[in-house]
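Chemist: One letter stands for each residue in the lines below.
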Amino acid sequence: MTASPKIQKEIIESCKAGDGKAFAEIVLHRQKKVFNIAYRMLDNSEEAKDLAQEVFISVFESIKDLKEEIKFDAWLTQITLNHCRNRWKYLKRRQYFNSDSLDDPIETEDGSMPRAIYDPSDNPEILFEKKMIQQLIQRGLLELKEDQRELLVLRDLQGFSYREMGETLGLPEGTIKSKLHRARMDLKEVLERFSH
Amino acid sequence: MDCEKVRDRFSSLWEKELSPFEEKVFKEHLSSCPKCKREFEQFEKTMRRLHSVGEVEVPEGFLPELYKKIEEKKGAVPGEKSGGRWFHFPLSFKLPVQAVAMVAIVFLMLYLTKMMPMEGDRLKETKQTSSPLSVQEKPEGALTQREVKEERRALEPTTETPRPKDVEQAKAPVPGEEKIEQAYAPQVKGEVKKVETPPPTSEFMAYRQKESKGVAKEITPSPQAGKIERELAVPEKSFVASKPPQEIILRISDREKGISRLHELVKQFGGEVVTAEGDRFLASLPTSSLSEFKKELERLSSSVKTDQLLAKKHARGSLGFEQGAKREEGDEKSKGPAKLAAEMENRTIVRILLVQE
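Chains as they are written, first to last, in the numbering used here: chain A, 1 to 196; chain B, 1001 to 1357.
Because the hints were derived from the structure by calculation, they are not lab data. Hints are not guaranteed to be accurate.
Mimicking PhoX-like on lysine-lysine, the simulated pairs with C-alpha atoms at most 25 Å apart in a straight line are [claimed, not checked]:
(1) B/Lys1069 to A/Lys33
(2) B/Lys1074 to A/Lys16
(3) A/Lys21 to B/Lys1073
(4) B/Lys1037 to A/Lys177
(5) B/Lys1016 to A/Lys179
(6) B/Lys1045 to A/Lys131
(7) A/Lys179 to B/Lys1045
(8) B/Lys1035 to A/Lys179
(9) A/Lys89 to B/Lys1073
(10) B/Lys1016 to A/Lys177
(11) B/Lys1027 to B/Lys1005
(12) B/Lys1045 to A/Lys130
(13) A/Lys177 to B/Lys1027
(14) B/Lys1005 to A/Lys145
(15) A/Lys21 to B/Lys1074
(16) A/Lys64 to B/Lys1073
(17) A/Lys49 to B/Lys1074
(18) A/Lys32 to B/Lys1073
(19) A/Lys177 to B/Lys1005
(20) B/Lys1045 to A/Lys21
(21) B/Lys1068 to B/Lys1027
(22) B/Lys1068 to A/Lys21
(23) B/Lys1037 to A/Lys179
(24) B/Lys1005 to A/Lys179
(25) B/Lys1068 to A/Lys16
The following block holds chain B by itself, in its conformation from the complex (with noise of 0.2 Å):
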């Protein structure tokens, strides 16, 4: 038996579960190895130590501070179990109930991916709105904005009417235009309803057309009243000639017999003739004595054709009438004392135009 095999017999030796025959080679080689006896003795000795060491005394109140930590675990039981009883559920309920939330899950992601973009769209358009660039555009929020603008635009007293950039110009009250407000204001109030408002330059109502094309309630203006802008569109020098509260174009065929007749017909009727600028009349009539006026110059006329729209705006009760006021309380910021007179003696300004044929 060599060493190698004797030392792993120690234990075997030690617990005695060699047979005596393997016991009797073993001493023998041990008295003839001082090596493996060596070895031999020191694990002797370690196992003696090992089995010498005895047990130790479990430390007082083992038991009543288990009892106590059971105790504490069980306080904290019922959260764990409510959380924990899930588990306990049969299939039969728990997939069910999962599949329910999954396609909730999967709803609730639908919709959110839905809005979204919506949400995006809207911030874009928002954006459009506040962009003056955008102003072709047609957007329900950019179009009631427009809207309030042209209100406002209305409301202000300007001579010219802005165009869309002037906008914010023209939103500037001009000082001169407040103090006559001011100043006329009171007079003003009682007659301001009888007086015509301005016609939009063909411009303006080429711009308002396209911008509020089939949405705004505007005022529209008929086919023939754009026809009588576009031929009033030359610029005025005169103030007064600039803004007439109703206009008449008067077509004839001798120049000098029509107006010497138009002479005629305002002084028949009680009238004026305030300012004459080549083809252009500015007459004061009585407001009583207006319609017999017009009914003259029909006949005069080879076709006399009136303004409808403010015909229209110049009747009471009318849609318009209101906005047509405003426009008048600004017009008449402008207005002279004479043509202020006129007015408070219940009297009609009409600007009459001579075309000839």
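Bound conformation, chain A alone (with noise of 0.2 Å):
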């Protein structure tokens, strides 16, 4: 997880000029980490690519407002979860995560039964255990509060500074630093719940 390299403050200008070609050059450098945000906080491809894109047409739309260039990675960050957050109200409207939630019984012939969390580390030879893990770990994210989960994925899966968090979030990095650790310690409770 290596931090995006900066934007020039040339092509964001061109784009603002309705520059095509400096649009489509903005998508291509940020449409992994937004279309990542949005993956980690939908837990779904097909959502997180409407959304990505969604993400873009409103940066096409309203880039030309953007005062400060240099704020350009904070302010595409502050577009993209907002969209997150709106989605997922609606998601969670239409009960589009209750039907799969972790917490909920499976049902058997001889009744239900509580759903077991295939923990990798338990068998560490097995092949896709990485991938186990990234399940594992989406799952967990999906236990946790909104804005908790969004801390984690800001910082520990999209490697943000505390600055950068800071400047997308509106927030001192002291609560920053407070909200995140609570957040680790929450996942960590899910996830040995899970294991359980």
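Dock chain to chain to rebuild the complex, using the hints, since each chain is given by itself in its own frame.
Modeler: Put into structure tokens, the structure is as follows:
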């Protein structure tokens, strides 16, 4: 997880002037970041793709209003998170996540039994260990509060600095650190619960 | 350092933010507290897993799809822009337009609120005109209806003038009268204009005066005529006497002398006395000698008064002539064969009323 190279100020200015090539360059530079944030926040590839495209449409429509080009990345992340929040609410209203909740018991012929999450650490030799870990983390993230998930995604998955997070979320670094620690501890609790 | 404080610094130790002294104290606590040690091991495990999660590749065709979506939005833009264009106009343009629109709305509201009660009144008026109890009132709509009814009544071949309440009944034609009309219609046609229409009864006249007061140009009876009507209000048994075309009141001081003189005058002008009932006489006279006959009667009488109204109607070319003629048509139906024969010979029926002074 390496920080994306900064987009040159000229490209942003060209995009603001209506240059299509500059816009395409911005998309190519930032599509992975936007898509991954969306994917980790929503846990669905199709929803994440659609959301990421919506984010870039918003950028295309409102980049002319961006006053400080230097804050483009923070602005882009804010747009992405706002879209994620709205989509999360929308999907939750439609009970999109309820159908596949980890806490739901599994219905069997002998009755219902608690859902057991496979912990790959118990069997390190398994071929798809990494993929299993990813699934476990993703499920664990969905169990957290939305703002906690945001902090973990930005810091631990996307590698944001505390300064960047402060710019994006509009919070002081100390607050971000304490909140982030609480989110990590909660995720630990969730993963422990999964393995038992 | 207590357990709570140690657990709060798990993230700081993981990110290597603790000072060497803090790190030393922290590790000493972990070695002495198995609960905190276990907690920290779980925390490290979680963080390792979290950081092992790699990035997901963007699905193929992301950018082309994005362009497609932008194009679709652009297609929908014109409608949105035309709707949103208003918001981009300057206030110097928007405010006057909004003010004018407000004034227009206020005027429209006033117009509508003024119009609505009038519409209601009109409806009320219409209802009143349709009500038979409202005949005493004279709204315009009702008046026109009344006029029509009176015209109809004038055309009806009735022997008695109907009262207002009997208008509808009077409209129904009597079968016997219809037959007479059919039988004599061709013969009567030529003579009908000469025949005088019967005077309306005093009751009916009073009603008509009330109804058409100052509005309709109905035939308004003169004061003299009114007097005659009242005098003739006594019901008459003979149908011939009840339909005299012309009436003359003969005021005399000596009754017997007057009667004999009247008979002489009738004979003198080539006529004949058809009926004589007390002081009422019905005489048939040649139309040509009628005026002379009247003059002689005037001399005879201390005051001879003829019905001016009927005289007017009798005059050819007058306004009331047509109506009078129509009434005469109705009268013709009830006339006897003798009377018709007299008319065929160009004669006029005159009713003479003797009044002793």
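Chemist: Looking at the structure, which of the earlier hints fail to hold?
Modeler: The structure conflicts with hints 20, 21, although it agrees with all the remaining ones.
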